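Trainee: Chain by chain, the residues:
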Amino acid sequence: MSSHAATIRPGPERSDKPSYLTDGHTLKSWLLTVDHKRIAILYLAAITVFFSVGGLLALLIRAELFTPKGDLFDSDTYNKLFTLHGIVMIFFFLIPSIPATLGNFLIPIMIGAKDVAFPKINLLSWYVYMTGGSMAVLVIVLGGVDTGWTLYPPFSSTYSNTNVALTAMAAFVTGFSSILTGLNFMVTIHKMRAPGMTWFRLPLFIWAHYATSLVMLLGTPVIAITVLTMAIERVFHVGIFDPTAGGDPVLFQHMFWFYSHPAVYIMILPGMGVISEVIACFTRKRIFGYAFVAMSSLGIAIIGFIVWGHHMYVTGQSTYADIVFSILTYIVAVPSAIKTFNWTATMYKGSVSMDTPMVYAMCFMGLFLIGGLTGLFCANLGLDVHIHDTYFIVAHFHYVMVGSAMFAYLAGLHFWFPKITGRMYSEGPAKFGAIIIFIGFNLTFFPQFILGYLGMPRRYHFYPEEWQVLNVLSSAGAMTLGAGILLSMLNIGWAIVAGAKASANPWMAKGLEWENASSPPITANFDEAPIVTEEAYNYPAQLPSAAHH
Amino acid sequence: MSGHTQHHIVPLRHYIGVFVALIVLTAATYLTALIDMGPLNTPVAMAIAIVKALLVILIFMHVKYSNRLIQTMVIASALWLMIMFGFAGGDYLTRGWISG
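Chains as they are written, first to last, in our numbering: chain A, 1 to 549; chain B, 1001 to 1100.
None of these hints come from the bench; they were simulated from the model.
Given the structure is predicted, the values throughout are model-derived calculations rather than measurements.
Where a beta carbon is used, it is the ideal one built from N, C-alpha and C, also for glycine.
It cannot be assumed that every hint is accurate.
[Claimed, not checked] Straight-line C-alpha distance at most 30 Å; calculated BS3-like pairs for lysine-lysine:
| hint | chain 1 | residue 1 | chain 2 | residue 2 |
| --- | --- | --- | --- | --- |
| 1 | A | K17 | A | K431 |
| 2 | B | K1064 | A | K120 |
| 3 | A | K17 | A | K114 |
| 4 | B | K1052 | B | K1064 |
| 5 | A | K17 | A | K28 |
| 6 | B | K1064 | A | K191 |
[What the hints assert, rightly or not] To list a few chain A residues with every Cβ distance to chain B over 10 Å, as calculated:
| hint | residue |
| --- | --- |
| 7 | M130 |
| 8 | R201 |
| 9 | L218 |
| 10 | I240 |
| 11 | L251 |
| 12 | Q317 |
| 13 | Y320 |
| 14 | M489 |
| 15 | E515 |
| 16 | E534 |
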């Protein structure tokens, strides 16, 4: 729908008002800020720390698995390593990663608002997150936890001798930061849109975050109460999940996965939003089937809530429930496929330029395809009995949660880096880093599909010698992946300090954040309140490729 | 943004009425628990609890006087709770249907 007179505005000249980065230099001006952009930066800093911790734990796990014998750590330590890796990466990196940083920064700007609906609640959410995060750090300092990130009773509530109750409270507290963020986004998107910014003119990034907020608001209270009841059972010996006290451990799994499966969509939906923005910009086209892509986000959020039983095929769940959950799981693949096909169709006859964000987006599409399609293997009632709790599952969910969510996060960080910092990173090292990460990722996780299919169970630190070759490949991949991420972080870090100044719209992209806000934006985001008069992604037909930074 | 939506003023006697109703219903829960009604024990207790929840949601929480958007959100939340109970309960109810 490239309607009449589509143009791309180069963005405002540098405003005489201070940017959000220079509007106050004291520590207090950061720690007590109610500016959504500064809060996004606070989140970014904290998340980067947790990501580094989780990544180091992953490297230790893969270092142990270089050899078939458990020669670096004993079993108890290994149990703690993979448990902490899961908890840190899921609750403290993946769930807040895109929403709390890019979402916080961009949602108000993209819809033409000055801030989120509840700026103080936004700041509160960061403090709640830091409180939960500190409790998680305390768990590590006190000697860790060994239940696996799923905290299944009765092991967690009765038998484990590690810091389970504190871990549960860390997850409980952190959940509230997620609820507050979701609440803020939902009200902001409903109430704060600029004049002319109708629902079907919203960028797909906004639709994706709306769907994510829905999951955060409706799912997170359930995990909060679930881990809380588990902790109550552990501390006060009330029989809720422990069968020896009259409880039911399968009930925990129902309640746990009622949140924790949709939580996968909290991780992936915002990533899909990022990918839509990046692909539209670097193909110079409106996303093919905009309305379908927007609605498929809601479809994923809603159907994603009724598939949780596919984690429980081997728990003694009834066969009829198995069948229903299996069918629904196949159905949830449909909206994901709609997105993938529509992104591909968008690129067809587009003017594609392979800048770093687009390289990440291309990697995302390939990895999400593998992650999504192997999900269908796992949805199958018969096959899942064979691959349940094997490395096949580990590979599958890493393709979705790391291959997709993390690549989308990196795509977004590189895409909006000039907007957030007002500077530009070096394209060469950034692209090289992306390719190293892609190679390292596939080398790490593709062999795990084969290992899992051969029957290697997850969560063991020793294995038969015939599996060593595949494990060495996987461990070498993890080291490569780590090196690639380190390179990219150094490149970004260097650019924050010494990168060339970026213009307001270096990619010549459509969108209020590029066309109406300076780089970096001023505290109030816009000099004049924007009025929206066109569709999203209204790129002029047959524009020559992006005018570069 | 263009100000707050107008707040509906609820007369104090409505709040007092709801409070009294909640006390009476709590007593009813206690008293019915003393009577063995066989299979009706749980449904009766649940029915009383639902009436109490509705009084709190509709009047104390002002949902009755709120706009459509808020009412939609509340209904969606209740629906989600039903999804959790329904699908998890579906597992428990159908376990005996076939073995293995």
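Trainee: Okay, which hints does this one fail, numbers in order?
Mentor: 1, 9, 11, 12 and 13
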